[in-house]
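> Dock chain B against chain A, hints included.
Here the protein sequences come in this chain order: A and B. Take 1 as the starting number for the first sequence in the working numbering and just add one per residue. Take 1001 as the starting number for the second sequence in the working numbering and just add one per residue.
Since the hints were made in silico from the structure, they are not lab data. Hints are not guaranteed to be accurate.
One-sided excerpt, in silico: chain B residues whose CB lies under 10 angstroms from chain A [as the list claims (entries may be wrong)]:
hint, residue
1, LEU1006
2, VAL1034
3, GLU1040
4, PHE1046
5, ALA1053
Over 12 angstroms on every C-beta distance to chain B, these chain A residues come out as not near it, computed from the model [said to hold, decoys possible]:
hint, residue
6, GLU86
7, ARG90
8, HIS95
Listed next, the in silico DSS-like pairs over lysine-lysine satisfying Cα-Cα at most 30 angstroms (straight line) [what the hints assert, rightly or not]:
hint, chain 1, residue 1, chain 2, residue 2
9, B, LYS1004, A, LYS98
10, A, LYS108, A, LYS98
11, A, LYS91, B, LYS1004
12, A, LYS108, B, LYS1004
13, A, LYS108, A, LYS91
Built from N, CA and C at the ideal position, the CB exists for glycine as well.
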Amino acid sequence: MLNQVRTLLGAFLGDKPNHGVTSPALRRAIEAQAAQLSRDDRATATVLNARSAQLRRTIEAQAAQINQADSPPASASSFSVPTALEAYIRKVTLHADKVTDNDIEALKQAGYSEDELFEITISAAIGAARTRLNVGLAALSIEEDIHAS
Amino acid sequence: MRLKILDHGHRPLPQFVFNVIWRVTGFLPGPLAVNSYRRELFGRHFSACIQAALRESST
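For reference, chain A alone in the conformation it holds in the complex:
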């Protein structure tokens, strides 16, 4: 499973310009921003139904550690996401169900094509999903440790 995730990340966020209409640097920056937003979202840990604040903190710390090890190269973080995209990325990451036609129209008015919006949306979704996957895996490893001890 993790291998497939790595392949997905490599294919979509990799350095192959022909793979998309947006630049790989932009896709990586969006993915990293969404991952950060997800990490900051306290609900991510709450959703896991962690049994105590201590456990939640441990899970978050582990997830952050995993994300750090798994994060894109430094060049990605040096690329800043355009301001026009920030609100949209936040919405896709934290409240995807609240994205409306108006959000899409506003970005089209700002000059983004549908293909670009497709890639921007996928980048944000991958960033959010990667963090939540890592948090879930961290929770599982904590569970195993608890049962083993």
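Coordinates of chain B only, in the frame set by chain A:
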């Protein structure tokens, strides 16, 4: 779909299949449209993730 390319931007073969699905069921599932659009970029790899998550051993 909010992006029109996901309704009408697919290659001929998937577009044909989608037209059949549309005629039979009256709607096109969103995940199918997303995963089939420019598969080499995203859908092919994401489908592999889903396959692994749902079908492979959990250990």
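> Take the hints in turn and mark each one as holding or not.
Evaluation of the provided hints:
no., hint, in the structure
1, LEU1006, "holds, 7 angstroms"
2, VAL1034, "holds, 8 angstroms"
3, GLU1040, "holds, 7 angstroms"
4, PHE1046, "holds, 6 angstroms"
5, ALA1053, "holds, 6 angstroms"
6, GLU86, "holds, 19 angstroms"
7, ARG90, "holds, 17 angstroms"
8, HIS95, "holds, 15 angstroms"
9, B/LYS1004 - A/LYS98, "holds, 19 angstroms"
10, A/LYS108 - A/LYS98, "holds, 18 angstroms"
11, A/LYS91 - B/LYS1004, "holds, 20 angstroms"
12, A/LYS108 - B/LYS1004, "holds, 12 angstroms"
13, A/LYS108 - A/LYS91, "holds, 16 angstroms"
Violation of the numbered hints given earlier is absent; every hint is satisfied by the structure.
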